[in-house]
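Engineer: Sequence:
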Amino acid sequence: MKFLSSASALLCLAPLAATATPTSLFGYSQDVIADGKAVQGDNPLEYCSESEPSGDILQIESVDLAPNPPKPGTTLVINAKGNLHQKIEKGAYVVLEVKYGLITLLRQTADLCEQLVNVDLQCPLEEGEMVLTKQVDLPKQIPSVCIIIFPDAEEPLSNLARVKQQGRYTVHADVYTKDNNRITCLDAKNIQF
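Mature numbering (1 follows the signal peptide of the UniProt record, and there is no 0) puts the sequence shown at residues -19 to -1, 1 to 174.
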């Protein structure tokens, strides 16, 4: 589960994690308009279907993962760029859900500021341009899901079969300020290990 927690944290923090610097003396550069629902860059991220990303506090320019998809036993390099249109203070939170197929493995609400330490940041995050470059060593063994199959209904334990699935995961991260204003909402679908 440690890997899933790390992967989930990276999903929701990658676009946020960076050092803020003003883009210009006159305010923000032009907003990034997403082409469809995909987040720009080499990544499995999509904006959540129920949200309109143009209204989010975080406008994501791009997120690049190398390798994409992530591979067990390698170093994952994350490069992300975006703009925060509001200062992010203590009390911000992430609603996180990790699924294996239809099975929910993790559903939790986490303090965003506590999670930022995983990417060498702390609250408050200042308004302005955000740039992140982060390397994460992925474990050689990605947790598998054990599925138990009972092929014989009359004597289920006599023909017990276990199938270890490396399978596909889905991660949903909805990020809010302490005042419940949406920072961003992202999905990563069909992440396969």
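If you are wondering where the hints come from, they were derived from the structure by calculation, not from laboratory data. Hints may contain errors.
[To be verified] Listed next, the in silico PhoX-like pairs over lysine-lysine satisfying Cα-Cα at most 25 Å (straight line): (1) K62 / K18; (2) K71 / K159; (3) K18 / K71; (4) K52 / K159.
[To be verified] DEER-style ranges, computed between Cβ atoms: (5) N161 / K121: 32 to 42 Å; (6) T56 / K159: 17 to 27 Å; (7) K80 / N49: 27 to 37 Å; (8) T55 / N162: 35 to 45 Å; (9) Q67 / G148: 15 to 25 Å.
From the three backbone atoms N, C-alpha and C, an ideal C-beta is built for every residue, glycine too.
Engineer: Hint by hint, note whether the structure agrees.
Structural biologist: Consistency of the hints with the structure:
1. Between K62 and K18 the alpha-carbon distance is near 17 Å, which keeps this suggested pair within the 25 Å criterion.
2. Straight-line distance between C-alpha atoms of K71 and K159 comes to about 7 Å, which keeps the hinted pair within the 25 Å bound.
3. Simply put, K18 and K71 have alpha-carbon atoms about 29 Å apart, too far for the 25 Å limit, and the pair is violated.
4. Our distance criterion of 25 Å between C-alpha atoms is broken by K52 and K159, whose separation comes to about 35 Å.
5. With their beta carbons about 40 Å apart, N161 and K121 fall inside the hinted range of 32 to 42 Å.
6. Distance hint check for T56 and K159: the Cβ-Cβ separation is about 34 Å, which falls outside the suggested range of 17 to 27 Å.
7. At roughly 20 Å, the beta-carbon separation of K80 and N49 lies outside the given 27 to 37 Å, and the hint is violated.
8. Between T55 and N162 the CB atoms are about 36 Å apart, so this pair conforms to the stated range of 35 to 45 Å.
9. At about 38 Å, the beta-carbon gap between Q67 and G148 misses the expected band of 15 to 25 Å.
Checked against the numbered hints given earlier, this structure breaks hints 3, 4, 6, 7, 9; the rest are met.
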